[in-house]
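Asker: Each chain, letter by letter, is given below.
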Amino acid sequence: MAERKSDRKNEDNLPKLVRNIVASYRRDQITHRIGETFLPSRGKIVEILDELRQLLFPGYFGHKVLGEDNIQFHVGNLADHLARALSEQIFHCLCYRGDSEHNACRDQARRIAFEFLARVPRLRKALKLDVEAAYDGDPAAKSFAEIIYCYPGYYAITVYRIAHELLELGVPLMSRIMTEYAHGLTGTDIHPGANIGKRFFIDHATGVVIGETTVIGNNVKIYQGVTLGAHSFSKDERGRVIKGLKRHPTLEDNVTVYANATILGGKTVIGHDSTVGGNVFLNMSVKPFTFVSLEDPTLNVKLRSKKLRQEQEKEKKSGRQTN
Amino acid sequence: MAERKSDRKNEDNLPKLVRNIVASYRRDQITHRIGETFLPSRGKIVEILDELRQLLFPGYFGHKVLGEDNIQFHVGNLADHLARALSEQIFHCLCYRGDSEHNACRDQARRIAFEFLARVPRLRKALKLDVEAAYDGDPAAKSFAEIIYCYPGYYAITVYRIAHELLELGVPLMSRIMTEYAHGLTGTDIHPGANIGKRFFIDHATGVVIGETTVIGNNVKIYQGVTLGAHSFSKDERGRVIKGLKRHPTLEDNVTVYANATILGGKTVIGHDSTVGGNVFLNMSVKPFTFVSLEDPTLNVKLRSKKLRQEQEKEKKSGRQTN
Amino acid sequence: MAERKSDRKNEDNLPKLVRNIVASYRRDQITHRIGETFLPSRGKIVEILDELRQLLFPGYFGHKVLGEDNIQFHVGNLADHLARALSEQIFHCLCYRGDSEHNACRDQARRIAFEFLARVPRLRKALKLDVEAAYDGDPAAKSFAEIIYCYPGYYAITVYRIAHELLELGVPLMSRIMTEYAHGLTGTDIHPGANIGKRFFIDHATGVVIGETTVIGNNVKIYQGVTLGAHSFSKDERGRVIKGLKRHPTLEDNVTVYANATILGGKTVIGHDSTVGGNVFLNMSVKPFTFVSLEDPTLNVKLRSKKLRQEQEKEKKSGRQTN
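Residue numbers (the numbering used here), protein chains in the order written: chain A, 4 to 326; chain B, 4 to 326; chain C, 4 to 326.
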C-alpha cells in the first residue's frame, strides 16, 4: 500500500520532470539537434565498417563459406548494399554541414560512395602489405590469419585507411566517427588526416596517438604507448587554439619507435632508417640512420630486509610502503 | 561411425562434468550468487546509459528526427522508461548491499531514480561547458557535433558526470559499473568518486587514470596517459590496504597536464594556472603559476652506417638489433 | 528527375565495380579465404566467452535467479551448449591449420572441448584467488561483486586464464582471438602463452602489455601502463624476426610494478619481494627484496607571472605556449 502511494506521487512528478528537461533544451543550443532534419547515425556507420571488412577480407569475416561459384553474387550483394548505406550516411554527413542543397547533396553523396568503393582494390593492396609487415615484425605472430582476425593494431590501421579515403573524398565527420570507433575498440587513436605510407605496423597497439598532421613513410613500425603529437598550440586573441597548422611530426622510411616514446612538434623530422628507443621524449629532428635512446637513468636500488620489515609491520598497525 | 561412438562417450561425461562444476560452486562462496534473489544487470545498466545519452543530447543519439511537435512526447516516453529501468536496477543495487527491507528499498530506489532524473537539466549545463572546452582546446576539433558524436574523452566525462550523481545519491555499485563500462570503451578510467569542476577536457583520452579521491578545479585540461594516482597505501596489520583515505592529488583551476605525466599522492596540490609537461613524474605540490617540465634528458644519439649493418647481417645468420 | 538519372548511371557502374573487386581477390592470396571450407567465427568465440563467464560466476552474469532447485539444470544446459559450441569452433581452428583429417579432427575437437570443461573447477579456484588479491590490493574496492562485475583488469585475467588452458590444449588461434578481444575491451594485452601464478592483480588495467614468454610468480601486482616486453629481436638473413625464443621477463613471487614501468628482455629476472617504481625503464635483473625507483628527475620549475602573460597576449594576436 505504501508502495502504491509513492508510485502515484512519483508519477505526478513525471510531467514536471519532462517540462524541465525540455526547457533545458531551449536554453542550450549546442547539445541538441532538435528541428534539424538530417542526422548521421553512428550505429549505421559502424555497420558500414563491418560490411566493408567483409568486402576487404572475404571469407575471414561474415560467416559464409565462399567459393568460385558464389563469390560474384556475394560481392555483388555486399557492394550494392554498401553503396546504398554509404550514400545515405554520406548524405547526412554532408547536409549536416549545411553546405549544399538537398538533391545536389544526394547526388554528391552517391558519387562519393561509388568513388570510395572503386578504391577498394587499392585499399586491399595496401592492407595486404600491412599484414606482411605485421607478420615479419612480430615474433609472436604465428599466421596471417591470426593478424587479420585479431590484431587490434591491424584493425586500427584498416579503419584508418578506410577513413583516410573518405576524408580525401570530403566526408570528415564520417571518417572521424570511424577512427574514434576503432580508437575505442583498440586504444589506438589515428586521426584520419594523418598520412601513412606502406607496410605500417603497430605492435600491441594500446595507448597509441597519431595526430592529424603526422606524416609517416614506408616500413615504419611503432609500439604501444607511442605518441606522435603536438607540443604547443598557437592561440588566438581569445586564448583559443588556432586550427589548421602542421602540428605533428614526420617519420621517414624504415623508422622504428619503441614503447611509450613521445615525439612532438610539426617541425620534428625523424630521418629514415632511425630508431627511437623506449620512453624517449623527443621534440627535435634527428638525422637519417640515427639511434636515439635514454641515457641509462640513475636508478635507486635498495635491498630490503624482509624480516626487519615484517617485525616493523607487527609493531605499527599501519606500515607505510613508499613508492 | 567413429564419430558417433565418440559422441556417445562424450555425452556420458556430461553429467559428471556438471556435478563437478556444481560441487565447485559449493566450495567457493565469493564467485557465485546462487540463492541470492536480487541481481543488478550490467547489460540493463548499459542500456540505461544509452537512453540517458538520448535524453541528454536529443537528436544526436537515438535515430529519430525531433522537432517542436514531437519533442514533448519523445522526452516523456524516454523519461518514463528510464524512471522504471533506473528504479529496478537501483533497487537491485541497494538490496544487493542488504542494508534495507524489501518494500522500503523499492520506495527508496524510486525516489533516487526521480531525484537523479530531476538533475538532468543541471547535467546538461555541465556537459555543454565540457563540449565548449573540448572545442576551444583541440585544434583538430572541426565542430561541436564531432565532439559529441565521437570523442572518447567526452564520452568518459559524460559517463563520469552521470555516475558521480548516482554515487552522491547512494548507488555506488551502479556508478562503478557505468564508469568501468566507459573505461572499457575509451581507455579512460575516471572513478565516480572523483570531484571534477567545470569545463574539463581530456584529449585523446587513452590510458588516463583519475583516482577515487582526486579533486579537479575548473578549466583543467589533461592528455592521454595521464595518471592522477595514489603513491603509497597504508596497510593494516594483515598487510591489506586501508580503505577510505584521501590518496589522490588536487589540481586547481586552469591546470594543464601533458601526455603521460604521472601525479601521485593525496597531499599533492598542483596550484592554479600551472602546467605539468609531458612524461613528468611528480609526487609533491607546486605553487600557482608554475611550469614543471623534465630537464632535457641526455639522449644517446648514434649514427648508424647502414651499409656496414647490411654486410654484417649477411655474414651472420641472425643479426642482433639492440633497443 | 536529376536524382533518377544519377541513380541509373551509378547502377551501371555496380557490375564493373564488383568485377574489379573480385579480380583483386585473385591477385592477393593472403587477405581472403575463398575456397577454404572451415572458418572459425570470431563472433561465436566471443559468445563462448560470455557463456563461460556465466558458468564460472553463476548468478553474476546471465540474468537468471539461481537456487539449489535449478542450479543443476542451469549448469547442465550451459555445459551442454558450451561443449557443442566449443567443439565446433575448435574444429574450425584445428582444420584451419590443416594438420589433420576431417573426422579425426572433429573427434579431437570434441575431446579438447570436454577436457577444457573438465578444468572449469580448477579455473574457478584460480579466479577466486584473483578476486581476493584485487580486494586486498585496491583501497577503492568496496566489495567482491564490484570486482567481478566491473574491474577490467579482472576481466582480462579471467580471459587470459581461459585462453591459456586452450593454448595448452593445442588451440592457439582461438586462445589468441579471446585475449585480443579482451585486449580491445580492457586495454590490457596478455598473450595467452604467458605463465602467470596465483593471486595476480592488475590495477586500472589500461595500457598493460604482457608478452608471450613472460613468467609471473604468485602474489604479483602491476599497475596501468606496465610493459613486460621484448627488448630486441634476433633476425634471420632476410631481416625477419626469428620466432620462438624466450623474449620477455620473469617476475618472481610478491613483486609489485607501479604505473608505466617498462621491463624488457628474456633474461631479465625481478627477484621475489621486489618493487619496481613508477616510470622505471629496466632491462636488467635485480635481486630479491630490491626496491628500484627513478632518481628524482631534475624538474624545471618556473613561476609564471600571469599578468605579464595576459598583457603579452593582448599585444600579440597569437601567444605561444611552449610545452
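Keep in mind the hints are simulated off the structure, nothing from the lab. Some hints could be false.
Since copy identity is lost for identical chains, a pair holds within one copy or between any two.
To be verified - Simulated pairs of lysine-lysine, DSS-like, Cα-Cα distance not exceeding 25 Å:
| # | residue 1 | residue 2 |
| --- | --- | --- |
| 1 | K19 | K270 |
| 2 | K270 | K47 |
| 3 | K128 | K305 |
| 4 | K305 | K290 |
| 5 | K270 | K305 |
| 6 | K224 | K305 |
| 7 | K290 | K47 |
| 8 | K19 | K224 |
| 9 | K224 | K47 |
| 10 | K290 | K19 |
| 11 | K305 | K67 |
| 12 | K19 | K305 |
| 13 | K47 | K67 |
| 14 | K224 | K249 |
| 15 | K145 | K305 |
| 16 | K249 | K145 |
| 17 | K47 | K201 |
| 18 | K47 | K145 |
Asker: Within a copy, between copies, both or neither: which one fits K224 and K47 at a CA-CA cutoff of 25 Å?
Answerer: Result: close neither inside a copy nor across copies, 32 Å intra and 32 Å inter.
Asker: Should K290 paired with K19 be assigned to within, between, both, or neither, using CA atoms and 25 Å as the limit?
Answerer: Answer is neither: 67 Å inside a copy and 47 Å across each miss the 25 Å cutoff.
Asker: If the cutoff is 25 Å on CA atoms, where do K305 and K290 land: within, between, both or neither? Let me know, please.
Answerer: between (39 Å within a copy, 10 Å between copies)
Asker: Please work out whether the CA atoms of K47 and K201 approach to 25 Å or closer within one copy, between two copies, in both situations, or in neither?
Answerer: Answer is neither: 29 Å inside a copy and 33 Å across each miss the 25 Å cutoff.
Asker: When no copy is named, should K305 and K67 be tagged within, between, both, or neither for a Cα gap of at most 25 Å?
Answerer: neither (60 Å within a copy, 53 Å between copies)
Asker: Reference check for the pair K270 and K305, CA-CA at most 25 Å: within, between, both, or neither?
Answerer: Result: close only across copies, 21 Å inter versus 42 Å intra.
Asker: At 25 Å max between alpha carbons, let me know whether K19 reaches K224 within a copy, between copies, both or neither.
Answerer: Neither. Shortest intra-copy (58 Å) and inter-copy (36 Å) distances fail the 25 Å Cα cut-off.
Asker: Using 25 Å as the alpha-carbon threshold, which applies to K224 and K249: within, between, both, or neither?
Answerer: both (22 Å within a copy, 21 Å between copies)
Asker: For K19 vs K305, is the C-alpha pair at or below 25 Å within one copy, between two copies, both, or neither?
Answerer: neither (65 Å within a copy, 53 Å between copies)
Asker: Is it within, between, both, or neither for K47 and K67, if the alpha carbons may be no more than 25 Å apart?
Answerer: both (22 Å within a copy, 13 Å between copies)
Asker: Using 25 Å as the alpha carbon limit, work out where K47 and K145 are close: within a copy, between copies, both or neither.
Answerer: Between copies, since 22 Å is at most 25 Å while 34 Å is not.
Asker: Given identical chains, is K224 near K305, meaning Cα to Cα at most 25 Å, within a copy, between copies, both, or neither?
Answerer: between (36 Å within a copy, 19 Å between copies)
When the structure is compared with the earlier hints, violations turn up for hints 1, 2, 3, 7, 8, 9, 10, 11, 12, 15 and 17 and for no others.
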